[in-house]
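Student: Model the full assembly from the supplied sequences, consistent with the hints where possible.
Protein chains in written order, with this note's numbering: chain A, 1 to 200; chain B, 1 to 214; chain C, 1 to 182.
Calculated from the structure, these hints are not laboratory results.
Backbone N, C-alpha and C fix where the C-beta goes; we use that ideal spot for every residue, glycine too.
Please note that a few of the clues may not be correct.
[To be verified] Restricting the straight-line Cα-Cα distance to at most 20 Å, the calculated cross-link-like pairs of lysine-lysine (PhoX-like) are: (1) A:Lys40 - C:Lys83; (2) A:Lys41 - C:Lys109; (3) B:Lys211 - C:Lys83; (4) C:Lys109 - A:Lys40; (5) B:Lys211 - B:Lys106; (6) A:Lys41 - C:Lys108.
[Unchecked claim] Computed list of chain C residues with no C-beta within reach of chain B, every gap over 10 Å: (7) Cys55; (8) Asn57; (9) Leu103.
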Amino acid sequence: MNAPFYKYGYFGDELYLIAAFAIGIAFGFFLERAGFGSAKKLTAQFYFTDMAVFKVMFSAIVTAMLGVFYLSWFGVVDLDLVFVNPTYLVPQMTGGLLLGMGFIIGGYCPGTSLVALSTGKVDALVFLAGIVAGIFVFGEAYPAIEGFASSTALGTVTLHEALGVSMGLVVFAVVLMAVLGFWGASVVERRLAEKAGGAV
Amino acid sequence: MKAYSRWTISHKLALLALVLGVFALLGTAEKSGTVQLDTQELARIVEGEVDHVDVEELADWIVQGRSDYRLLDVRASEEYARYHIPTAENVRLVELRDYPLYRNEKIVIYSDGGIHAAQAWFLLQAHGYVSSYILLGGLELWKDEVLFPALAEGADASARAAFEKRRSVSAFFGGQPRTGAAAEVERYTVPVPKLESVPNVAVPKRSRKQKEGC
Amino acid sequence: MTSVEEYAAGGRQPAPFMNPYLAGIGLGLVLLTAFVAVGRGLGASGAFSTLVASCVNALAPAHAEGNTFYEGYLHNGFGHPFKSFLVFEVAGVLIGGFLSGALAGRLKKVVERGPRIGVGGRLGLAFLGGALMGVGAKLARGCTSGQALSGGAVLALGSWAFMIMVFVGGYAMAYFVRRQWR
Numbered sequence: 001m002n003a004p005f006y007k008y009g010y011f012g013d014e015l016y017l018i019a020a021f022a023i024g025i026a027f028g029f030f031l032e033r034a035g036f037g038s039a040k041k042l043t044a045q046f047y048f049t050d051m052a053v054f055k056v057m058f059s060a061i062v063t064a065m066l067g068v069f070y071l072s073w074f075g076v077v078d079l080d081l082v083f084v085n086p087t088y089l090v091p092q093m094t095g096g097l098l099l100g101m102g103f104i105i106g107g108y109c110p111g112t113s114l115v116a117l118s119t120g121k122v123d124a125l126v127f128l129a130g131i132v133a134g135i136f137v138f139g140e141a142y143p144a145i146e147g148f149a150s151s152t153a154l155g156t157v158t159l160h161e162a163l164g165v166s167m168g169l170v171v172f173a174v175v176l177m178a179v180l181g182f183w184g185a186s187v188v189e190r191r192l193a194e195k196a197g198g199a200v
Numbered sequence: 001m002k003a004y005s006r007w008t009i010s011h012k013l014a015l016l017a018l019v020l021g022v023f024a025l026l027g028t029a030e031k032s033g034t035v036q037l038d039t040q041e042l043a044r045i046v047e048g049e050v051d052h053v054d055v056e057e058l059a060d061w062i063v064q065g066r067s068d069y070r071l072l073d074v075r076a077s078e079e080y081a082r083y084h085i086p087t088a089e090n091v092r093l094v095e096l097r098d099y100p101l102y103r104n105e106k107i108v109i110y111s112d113g114g115i116h117a118a119q120a121w122f123l124l125q126a127h128g129y130v131s132s133y134i135l136l137g138g139l140e141l142w143k144d145e146v147l148f149p150a151l152a153e154g155a156d157a158s159a160r161a162a163f164e165k166r167r168s169v170s171a172f173f174g175g176q177p178r179t180g181a182a183a184e185v186e187r188y189t190v191p192v193p194k195l196e197s198v199p200n201v202a203v204p205k206r207s208r209k210q211k212e213g214c
Numbered sequence: 001m002t003s004v005e006e007y008a009a010g011g012r013q014p015a016p017f018m019n020p021y022l023a024g025i026g027l028g029l030v031l032l033t034a035f036v037a038v039g040r041g042l043g044a045s046g047a048f049s050t051l052v053a054s055c056v057n058a059l060a061p062a063h064a065e066g067n068t069f070y071e072g073y074l075h076n077g078f079g080h081p082f083k084s085f086l087v088f089e090v091a092g093v094l095i096g097g098f099l100s101g102a103l104a105g106r107l108k109k110v111v112e113r114g115p116r117i118g119v120g121g122r123l124g125l126a127f128l129g130g131a132l133m134g135v136g137a138k139l140a141r142g143c144t145s146g147q148a149l150s151g152g153a154v155l156a157l158g159s160w161a162f163m164i165m166v167f168v169g170g171y172a173m174a175y176f177v178r179r180q181w182r
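Tutor: Following this line, the structure appears as structure tokens:
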């Protein structure tokens, strides 16, 4: 068995789009299960009262990362054919900063705003309108900022390539960091809950 | 530390993750340059003549604006800049292994004559790109048959008909047919117009493969 | 849908959220399925870019084709810009979210906000936040789904840098909008 299946020609373009649709349904389902259709739950992360965003995000990353790593090790997945986002260091960091600010100001991110919209949140609809406006502004300004947006292009580079270590070492480090982070997050949540309880 | 029997599901999952993380230190996931080859299979492909694509076929694909193939030019970048077959991508042999190619699309390789193309074909086949093909005759035959097709003096009706079609294809690529006395078939005696004289042609826009970013 | 009616009538309580680690593992498995099936991860912002590019193209085709940013999204699908992975995936997200919400009794038309802000203020900030996010996502070539989750899982350098900055930006701004949420 060779994976990714689509890139080995196991199925064609129609099934590709159907797969995208099915994957999207599962994606939206689990996002809502986690409570990410709620801006209040999402933003609680940034006030340390509910660290679900961190917990969900990093459990997802660790799960997928371990899955891809082990499947590649056993020769099932050809890692070369799995898309790795190219790195544009400065634009990505700037974009991340803006996105983080937009997250706490608006209360959602693009994916979660869709889930929120589908469960009735009116503010998510307005947020989505904002995203569209923002993209339009970016698109119109693109000829002027294209240079910046394509700067510090390092190509497709992974953490282990950049550090000159094996992928396994980075996988281990990420898992360790995540587990420590989860433990820390629970401690923070508990302390704050105790403080709030005591203040009543 | 609580007794294991009192651990919650979250604790157990964390332990599982840590165990998997530690084992990962032993593993390797990157591709190496060392491959396993079935040389008999490769020999069979060559003998069965299914390892190449004709220049006329490629010309048709380009004219039709098809997007189900990749065309690789394995010459030096200066030569590529001087002239390359429309829709070709310049890739050196050393860049081939890491070059983003799908295994479910046709990959056609060409060079000036065909030796480097054949070597590149071998490398790609070795890395599992079973749909890779050599452009038979390379750029030399592309010049002779597509860009500057020739019609010999005493040609019969069917040869003339075929030549008419090649004339329009040649015009599409900015070339020029050779007729009359100057069109003796022996390519070594009659000078073929230089590639630099061929203008840049606009080729119909192919629908690109899916961008995979966000 | 019974649960919605009950909830609207003040009857049934919405179900509690899933254990975050389990939900995360579920998400991770979905992401892994995407990697194994089609060799790419998830995303969301790209579908909006396609929408914007298509609208601009409908109103001013020459302008859209001449703009590298729009043009990239216009020629991306299988024949039509909407026949792209992200557009279909986003359609699925809407349905999946609705399904989960319906099953848990969490469907309700509401403007989510903290106790110290009004509806108008909340909606204004939602729009502003969305706009910031639109610009940020395009600069970063992705959002939390595409860059942080998917790029993070394959250990892309830029994705991790992006992810860290998202948290930095969120925490930095949190104090200033605390009245919106707490």
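Student: Hint by hint, say whether it matches the structure.
Tutor: Against the structure, the hints come out as follows:
no. : hint                : result
1   : A:Lys40 - C:Lys83   : violated (34 Å)
2   : A:Lys41 - C:Lys109  : holds (17 Å)
3   : B:Lys211 - C:Lys83  : holds (12 Å)
4   : C:Lys109 - A:Lys40  : holds (15 Å)
5   : B:Lys211 - B:Lys106 : holds (18 Å)
6   : A:Lys41 - C:Lys108  : holds (16 Å)
7   : Cys55               : holds (19 Å)
8   : Asn57               : holds (14 Å)
9   : Leu103              : holds (21 Å)
Consistency note: the structure conflicts with earlier hint 1 alone.
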